[in-house]
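Chemist: Residues per chain are reported as follows:
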Amino acid sequence: MYGRMSRKRDYYGGGEILMSLIENQKTNIDNDIKIITGNHAAAHAFRQARVGVVSAYPITPQSPVVEKIAEFIANGKLNARFVKVESEHSALAVCCAASATGSRVGTATSAHGLELMYEMLPWAAGNRLPIIINLATRSLGAPWSVWTDHSDFITIRDVGWIQYMCENNQEIYDTNLQAFKIAENSRVFLPSIVAYDGYILSHTMMPVKLENQEEVDEFLPPINHHINLSNISTIKGIDPVTTPNIIKRIEGTAPGYYEFRYALQRSLENSIDIIKEVHDEFTKKFGRSYGNGIYKIIQTEDADTIIYAMGSVASQARVAIKKLRAEGLKIGIVSLKLFRPYPYEDLRDFFKDKENIIVFDRDIGYGYEGVLSYELKAALYSLKKKPNIKGFIVGLGGRDVKTEHIISGVHKALNQFKQGIFTNKTDFLGLSLDELNDYDESNYFDSR
Amino acid sequence: MKNSKKDYQKILGSVQKPVLGEAGKTGTWSSKKPHIDLNTCIPAKSGKSSCFNCWLYCPEAVVTRTIPPQIDLIHCKGCGICMEECPVNAITMEEVKY
Amino acid sequence: MDLPEEEFIYPGTRACAGCGMALIYRIALKALGAKTLVTVPASCLTVLHGMQGFCSTKVSVYHTPFATTGASASGIVASLEDKGLENEITVLAFAGDGGTTDIGIQALSGAVERGTNFIYACYDNEAYMNTGVQRSGSTPYGVKTTTTPEGKLSHKKDMPKILEAHGIPYIATGIASYPLDLFEKFKKARTIHGSKYFHILSPCPPGWGYDPKDTISIGRLAVQTGFWILYEIENGIFKLSKPSSRYLDPLKRKPIEEYLKAQKRFSEMTQQQIKVYKVYIDNMWKDIKRRIECQN
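Protein sequences, first through last, are from chains V, A and X. Everything in the first sequence is counted per our numbering, starting at 352 for the first residue and increasing by one. Everything in the second sequence is counted per our numbering, starting at 44 for the first residue and increasing by one. Everything in the third sequence is counted per our numbering, starting at 15 for the first residue and increasing by one.
Think of the hints as simulated: they come from the structure by calculation, not from any bench. Hints are supplied without guarantee of correctness; some may be wrong.
Covered stretches of chain A, as calculated for chain X (at least 3 residues, CB under 8 Å) [as the list claims (entries may be wrong)]:
hint: 1; stretch: 107 to 121
hint: 2; stretch: 124 to 135
A short list of chain A residues far from chain V (calculated; beta carbon distances all over 10 Å) [to be verified]:
hint: 3; residue: Q59
hint: 4; residue: S74
hint: 5; residue: K75
hint: 6; residue: H78
hint: 7; residue: L81
hint: 8; residue: G90
hint: 9; residue: V139
hint: 10; residue: K140
BS3-like cross-link-like pairs, simulated, lysine-lysine; straight-line CA separation at most 27 Å [claimed, not checked]:
hint: 11; chain 1: X; residue 1: K49; chain 2: A; residue 2: K60
hint: 12; chain 1: X; residue 1: K202; chain 2: X; residue 2: K175
hint: 13; chain 1: X; residue 1: K49; chain 2: V; residue 2: K587
hint: 14; chain 1: X; residue 1: K300; chain 2: X; residue 2: K275
hint: 15; chain 1: X; residue 1: K201; chain 2: V; residue 2: K587
hint: 16; chain 1: A; residue 1: K60; chain 2: X; residue 2: K97
For glycine and all other residues, C-beta sits at the position ideal for the given N, C-alpha and C.
Just chain V, same shape as in the assembly (with noise of 0.2 Å):
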């Protein structure tokens, strides 16, 4: 699709800048490569998983996902209900019931979005429910940001979803598909965030290859869910009141909350070796992979110095890593793509003969440090050899994370480690606090 910007008439001595669309002559648009942004890639596979409830709030900068996905429905080109909310709060509600009534749904948002929804997330989490949001990171007020950071995909990190990172378009609608397939898998049936950068990947255009649509349907088949409300030939009560013990009477058994969130627990632990197993057989179907599913690595082979990063942060390190490279470190990156559940043993299998580690962070676990940080240290910690392992803050509210930061924090941590340093203190990179003229650090924190 194509705009085209024509004068049509003199109007005032202006005239009329009419915008019109050029359908795309093609009935079918798939099977083709096409230069999409990262919120349109997420609308594509919306549509190519055949979603039959959508439903959605406006936010910056995922509004074009849902844009778009209206516009799929209105072309007939998507079958699906797209219920357009008042709030992300009843976004994930309305997605949580038609989840529940047995249908394939998804939503879209970011930061604040995700925060009003959170009420709804251990809902959909302790219900089982295989919803997928996409969501377009980007920072939390207060003060007002829209640009991206890592804040808010991390503040959902304990109610048991599934989060992936992205690093390009192609993996969002990749990720999207498989994460639909993953989060239907009767040995999972959990809700799953496919999360990118908002605007790094959300509004720029990237080539991505579009699946056939049967190829598409044979690898990701119709829901069969595990409650169907719908089905009212059997009596449902989907999340009553629970008692802390397990019920038994004559009628039968039931669980208590207790073995509810302990099969939750369970099943998000297990769902480790089913996201490796799709990921798999996406590759063998559709030729692409992301490093084993759960990380990706680059030129790690020799490396004993390794970044660890997620998203954005990671893509910019590869072009930091061929600087550090020339200058004759043995350096590599790990960029992880599976949040939660958090792979652990996959991590620490791969760190067992690693140096250096040098983490950067687009977040902060507010009051410690970088949430990928510490939660790399304390998965590491039952290592015998232990590896270095330094956290750095970058790139909050949008500041760009630039090759050079990256570079001097691996200087820095390995000036460090050489010296024996090892703190949890935050250290921000790319800060310009000299710039500020008038800035003076006692000025804050005086308490007169």
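Given chain V, put chains A and X in place with the hints provided.
Modeler: Only chains A and X this time, still in chain V's reference frame:
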């Protein structure tokens, strides 16, 4: 997959069994129980299918729409609405010992 | 009586003795039948439905967080439409006054604005009864609750009016003291496409402070004193329901004191406050009178 048969996968909790007395024998909540005087009760006396206010207004659905009306005392919570709504005062609340 | 004999609630639920809501729900399900899906937020009805594994009803229920009743109904309806079952199954959202007039008002407003094809029933026991009688937006003036020990200082929200402003095809008020009126309204709502709203006064023995046996008679008093008005608004046309129609004449109404004095929650009202009530009720009826005259 090797884990597929594990019971934790089955704890998905979608199906509920409808049961009588979900809250147990709620009849024990009150010691007072309705008693229908069949000589006064309209359907019992006339043999006609009429009135049934006790059935109509019962929040617990423990009264049957039969001649004469029957009350499930095991689950009747003894609220007394039937007594109050009986147009001919055929129902009295009587102490029942357990 | 011509209510169907089939029951959709088993005896022995967790509702209190003499619960007004339980009776409303019983009547509503009789009218809507077995092909009904119910969505319920946190409320006394959650408790009535029972604990995990076992339930006291013969219809499927989706329990949803407090603020999301309207949205969850939208989700169920959307999924039914996705499956082509929208004409087979009735979706009933059943929430308390807190879940409707306070925390759930946004989701409800959104759902009816979208024209969701469902019935929303608010059973109004005029406070947060399930959490121990705290005031809600629907608590009437002067009522003592655990958060208004001095008596509430404002009148209750006129929820049906708010819903009417959404331009939905059917709005009705009801009370279990007039079960046939309520039953007929639910039956009618079932045949109408679009969003249908019910506001049903639900006397609550422990919350209002009266003997459980009086649930029906207190509800009747609410209607007879003109405090609770039974009506329906079908496609914008207002119609007083039969039990309330005679009270258009103020002389036929019983004095409001009879209703107030029957309940502990009004026990500390002053004469001045009772006067406020009289004016409030008169004004409500004047509005209705004007409206009926305009229509004719």
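Chemist: For each hint, tell me whether it holds in the structure or not.
Modeler: Here is how each hint holds up against the structure:
Requiring three or more residues with a Cβ within less than 8 Å of a Cβ of chain X, the coverage given for the stretch 107 to 121 of chain A holds, as 7 such residues are present. Counting residues of the stretch 124 to 135 of chain A whose CB lies closer than 8 Å to any CB of chain X gives 4, so the stated coverage by that chain holds, three being the minimum. Q59/A, annotated as away from the interface, has a beta carbon of chain V within 10 Å; the closest lies near 4 Å. The claim that S74/A lies off the interface holds: its Cβ sits roughly 25 Å from the closest Cβ of chain V, which is beyond the 10 Å cut-off.
At the 10 Å boundary, the C-beta of K75/A stays outside the reach of chain V, the nearest C-beta of that chain being 27 Å off. The claim that H78/A lies off the interface holds: its Cβ sits roughly 29 Å from the closest Cβ of chain V, which is beyond the 10 Å cut-off. Residue-level check passed: L81/A sits 33 Å from the nearest beta carbon of chain V, beyond 10 Å. Residue placement check: G90/A keeps its beta carbon more than 10 Å from all beta carbons of chain V (closest about 37 Å).
Remark: the non-interface label on V139/A is consistent with the geometry, its nearest Cβ contact in chain V lying 24 Å away (cut-off 10 Å). Every CB of chain V is more than 10 Å from the CB of K140/A (nearest about 26 Å), matching its label as outside the interface. Of the pairs offered as hints, the one joining K49/X and K60/A holds, with about 17 Å between alpha carbons and a cut-off of 27 Å not exceeded. A threshold of 27 Å between alpha carbons decides the hint, and for K202/X with K175/X the separation of about 20 Å falls inside it, so the pair holds.
A C-alpha spacing of about 13 Å is found between K49/X and K587/V, which places the hinted pair at or below 27 Å, so the restraint holds. Annotation: proposed proximity of K300/X to K275/X holds, straight-line Cα distance about 25 Å (limit 27 Å). A threshold of 27 Å between alpha carbons decides the hint, and for K201/X with K587/V the separation of about 24 Å falls inside it, so the pair holds. Between the alpha carbons of K60/A and K97/X the distance comes to roughly 25 Å, so the proposed pair stays at or under 27 Å and holds.
The structure is inconsistent with hint 3 alone, although it conforms to all the rest.
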